[in-house]
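Engineer: Those protein sequence lines, which keep their order, are chains A and B. At position 19 of the first sequence (counting the first as 1) the number is 19 in the working numbering, and the numbers step up by one without a gap. At position 24 of the second sequence (counting the first as 1) the number is 193 in the working numbering, and the numbers step up by one without a gap.
No lab work stands behind these hints, which were simulated from the structure alone. Where a beta carbon is used, it is the ideal one built from N, C-alpha and C, also for glycine. Just to be clear, a hint being listed does not mean it is correct.
[Said to hold, decoys possible] Facing chain A, from chain B, some residues (calculated, C-beta under 10 angstroms):
| hint | residue |
| --- | --- |
| 1 | Pro219 |
| 2 | Val227 |
| 3 | Pro230 |
| 4 | Thr231 |
| 5 | Ser260 |
| 6 | Gly262 |
| 7 | Ala263 |
| 8 | Pro290 |
[Unchecked claim] Simulated restraints, written as ranges between beta carbons of each label pair:
| hint | chain 1 | residue 1 | chain 2 | residue 2 | range |
| --- | --- | --- | --- | --- | --- |
| 9 | A | Gly137 | B | Tyr286 | 41 to 49 angstroms |
| 10 | B | Arg209 | A | Ala68 | 35 to 43 angstroms |
| 11 | A | Ala156 | B | Leu246 | 37 to 45 angstroms |
| 12 | B | Leu246 | A | Asn163 | 17 to 25 angstroms |
| 13 | A | Tyr149 | B | Ala207 | 27 to 35 angstroms |
| 14 | B | Ser260 | A | Ala156 | 41 to 49 angstroms |
| 15 | A | Gly138 | B | Leu218 | 48 to 56 angstroms |
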Amino acid sequence: MRILPFVLATGVASLALWAQPLSAGGFHAMGERIVSSQVISDTAIDGGVETGGTSTGGTFVGDLGGIAGCLPRTYGYPDLFYNYYTQGNCNSTNAQMYIAPVPVPPNVGHTFYTYQPFMPHEMLYWHKDRFHNYYDGGRGMNHTKVHYYAPPVRQAASNVYWNYLRIPR
Amino acid sequence: MKRIALIVLVAIASAAGVEVQGGDPHAYTQLWSMREAARRPWHGNHYYLPYGQPTALVVPPTAHMRQTYSWGVSQNLMYPIHHQYGRNASSPGALPHGSFQATPHWPSHTDQFGVYYVRGPW
């Protein structure tokens with residue numbers, strides 16, 4: 001079944017009056033997910049996010065990070081892209097979801113989806129999704145709600161064509 | 170009065186039922202699929218010819234069942250699609266070539282083509 005995606009994304013930056021603790025899994029079950037600013041990629045990043053010590057990646061010269069009593073200016077380190085993998089204990093091999101169906105060699109090159117609502121697997125079915133990002137120690141929240149929608153009449157006509165009228169070849 | 174109260178109760182229950190998806194408010198089928206997926210591989214023991222590995226075909230997470238076809242009477246079977254993509258990086262990765270069987274010259278089952286359904290993440 002093909003669903004023509006009509007993505008309506010509304011981004012609302014508002015104060016989080018009811019900031020909740022982040023779930024461990026990174027997303028909730030009922031279509032609400034937390035886009036964390038932490039690095040969750042499995043590739044090592046130079047000047048990373050380790051805190052403490054002299055080589056903290058979060059503080060640089062000029063952002064007041066070293067002055068006592070001052071809050072440094074922080075910003076997220078969002079992962080460029082994170083893949084999805086098959087789960088379970090009984091697999092002899094595992095499949096990653098992107099790049100589908102198989103990864104290409106590095107010299108071939110490929111593109112990333114850096115905006116989670118546009119990832120193609122979201123276009124597979126009719127649903128709503130909410131993306132939350134808490135920042136500034138929980139005082140700020142960025143909220144994006146997305147409706148993945150297929151117009152029913154056009155979808156029905158498309159199904160009739162692809163399932164009944166199209167000549168199989 | 171009692172009948173009116175019953176009607177109101179039924180109306181509230183049906184209105185609340187609209188909110189949940191598919192009449193499964195506690196996601197029992199989700200739990201069932203997770204448990205079953207932990208106990209069995211997502212793939213069969215055949216590779217997909219163009220890639221030399223079993224290849225996952227991403228289906229919507231709302232997909233429930235898969236159909237297999239084979240020769241003979243009562244060999245057309247339906248199975249639940251248990252496996253779903255998750256965010257945990259998993260091992261092992263791809264196995265060396267030759268770890269899986271090729272599609273026979275005369276295939277007798279749809280699983281022998283090496284393409285297996287995996288539901289996309291929520």
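Engineer: Look at each hint and say if it fits the structure.
Structural biologist: Tested hints:
For the restraint placing B:Pro219 at the interface with chain A, the shortest Cβ-Cβ distance is roughly 9 angstroms, inside the 10 angstroms limit, so the hint holds. Hint status for B:Val227: holds, given a least beta-carbon distance of 6 angstroms to chain A, under 10 angstroms. Taking 10 angstroms as the C-beta contact cut-off toward chain A, the hint placing B:Pro230 at the interface holds, the least distance being around 7 angstroms. Here the hint on B:Thr231 is kept, as its CB sits about 5 angstroms from the closest CB of chain A, short of 10 angstroms.
Against a cut-off of 10 angstroms between C-beta atoms, the interface hint on B:Ser260 holds, since the closest Cβ of chain A lies about 7 angstroms away. Satisfaction of the interface hint for B:Gly262 is found here, the shortest Cβ-Cβ separation to chain A being roughly 6 angstroms, below the 10 angstroms cut-off. For B:Ala263, the interface hint holds, the least distance from its beta-carbon to any beta-carbon of chain A being 6 angstroms, beneath 10 angstroms. At about 5 angstroms, the closest approach between the beta carbon of B:Pro290 and any beta carbon in chain A falls short of 10 angstroms, and the interface hint on this residue holds.
In this structure the supplied range 41 to 49 angstroms holds for A:Gly137 paired with B:Tyr286, their Cβ-Cβ distance being about 43 angstroms. Range check, B:Arg209 to A:Ala68: Cβ separation about 57 angstroms, and the 35 to 43 angstroms hint is violated. Hint check: A:Ala156 to B:Leu246, Cβ distance near 30 angstroms, so the stated range 37 to 45 angstroms is violated. Between B:Leu246 and A:Asn163 the Cβ separation comes to about 23 angstroms, which falls inside the hinted range of 17 to 25 angstroms.
Between A:Tyr149 and B:Ala207 the C-beta distance comes to about 33 angstroms, which sits within the given range of 27 to 35 angstroms. The beta-carbon spacing between B:Ser260 and A:Ala156, approximately 44 angstroms, falls within the hinted interval of 41 to 49 angstroms. Between A:Gly138 and B:Leu218 the Cβ separation comes to about 52 angstroms, which falls inside the hinted range of 48 to 56 angstroms.
Hints 10, 11 from the list above are not met by this structure, while the remaining hints are.
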